[in-house]
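Given the sequences, and given the hints that come with them, work out the whole structure.
The primary structure of each chain is shown beneath.
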Amino acid sequence: MVNVFSDIYSVLWVDLRFLRRHWLRTLATSLVNPLLYLVAFGYGLGSGINFEGYNYLAFVMPGIIALTAMSSSYGGAGLKLHVDRLFYKCFDEYLMSPISLFSLAIGKTLIGVVRGLISTVAILLVGVLISPELMVTPLFVIVLVTSCFVFSFLGVLIGLWAKSHQDLGTFSTLVILPMTFLSGTFFSLSQLPEAVKAVLYMFPLTHSSQCLRAAALNQPFPWLSFAALLSFGAVFFVGCMWLLKRTSV
Amino acid sequence: MEEFIVTEKLTKKYGDVTAIDGLDLKVHAGEIYGFLGPNGAGKTTTIRVLTTLTKPTSGHALVNGFDVVKESDAVKKMIGVVQQHVSLDRDLTVKENMEFRARLHHLGSSERKKRIAELLDYVGLTEEADRLVDALSGGMKKRAMIVSSLMHSPKVLFLDEPTVGLDAQTRRRLWDLIRRLHLDGTTVFLTTHYIEEAEALCQRVGIIDQGRLIDLGKPLELRQRLGLVTVETLVNNKETRYQYFADRAAATSYVQNLPPEAKTVIIRDSNLEDVFVELTGRKVGAD
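As you go down the protein sequences, you meet chains A and B in turn. Take 0 as the starting number for the first sequence in numbering that gives the first Met the number 0 and just add one per residue. Take 0 as the starting number for the second sequence in numbering that gives the first Met the number 0 and just add one per residue.
Hints are not guaranteed to be accurate.
Straight-line distance between alpha carbons at most 30 Å, and here's what the computed DSBU-like set of lysine-lysine pairs gives [said to hold, decoys possible]: (1) Lys113(B) to Lys88(A); (2) Lys8(B) to Lys244(A); (3) Lys154(B) to Lys12(B); (4) Lys12(B) to Lys162(A); (5) Lys8(B) to Lys69(B); (6) Lys162(A) to Lys76(B); (7) Lys12(B) to Lys244(A); (8) Lys88(A) to Lys140(B); (9) Lys162(A) to Lys140(B); (10) Lys76(B) to Lys88(A); (11) Lys54(B) to Lys162(A); (12) Lys12(B) to Lys88(A); (13) Lys244(A) to Lys76(B).
Worth flagging that the hints you see were computed from the coordinates, not collected in a lab.
As structure tokens, this is what we get:
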């Protein structure tokens, strides 16, 4: 058991060294998107609009936080792994060492969680200042950390699956980009027809947005969405383990 | 003699392509074993199977008595691997790469520090310890790879084409390093398609072609089987013919009796390339 924890830390250690060396660049690049969304949608499009009894800024802020958790965790876990595997070719070193695949999967996931949390905490500080309705409750923190884990697992899964840079780009264009705009981050799903809603519930970000919004605005908490988020995490993790087992002896 | 690596009927297929075809190997503990063959002969695939990165399709491979598939954890603890390509994290320094490997092999903090200092000194990289890998020359990167793979004091070191792309001086420095590791008791399994590398370094050489071991022996034995002296003759200005003789006297006698159309006669020592060409009909290094 001690070995499992120390192995997880050993895997994480490498990526923490990288993060330490490039922390400013990492933070700056991961904040550009959410800040642009905040300015464009929160202040530009949505200023003066009331939405479900809140001003639009208060409504959209939890969505932008969910979005930040997704992009930072997914990218933080997946991109470096992808580069290590296909370009630096140093991923084999993990597979040739006596650490378990479980430790490897969790270690590679944790760097996404760390990067997701750094970015979301930064954007949250902005959010709390400009939108006083936003409440950071324990439930909000639990959902945020869970979301970071779910999207990090997805990042590891795609980082392990992609056979080329094009694969990664294709996945981003076909899945991540639509998920960014359609998962109830910028609008309420209650306005949509049932059939469209059913499709959008197949995105984990939809559930993450719903849960974060409910927790931040003190609305009834959608436990079913939280269970769905956990299920997505479990499926992505099992996928990671399956891919790792397939690529190693 | 104790066998350190043993394979029996080892086969690896990728779809319809057979990369290794019923390979039987025996590598002695403490020797430098060279695996000589052209590109695509199955050398790298063999290393990938022996280092637990690739599952064989059939057959067995044992490292120090441990099965590479069923007991891969035990195998991983005793192997060091230097891959053909640079397999270091290029965003980290030399020292960080070494520390990373040490952590993966569960070395404690003080042991890590001691070992890093020792090994950097061993290969003359102490000055480069805090430089990013990306900023190093090709030879330095290779040395950094070797020391990283030695952090956990492996019993066997696998080197896949260790000197590809390096200049002659750097190559010789690396050969010296490999000899020192051998003298310190490490078993070395190296693949190469450089004839002179196999001759300079290896106690025994296995010649592999199309996934099969086609000959095995000490470099001198392999040459003796063929004939230690080679005569090259250019016939009708078109084709070079090679004849092999046990000694210079036999070769000289042959040359004296050559017909007038045979020109440009060269008498020289045979080498492993001659052995390989005679065995396979191809030049080493040709695809």
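Earlier hints that do not hold, by number: Result: no hint breaks.
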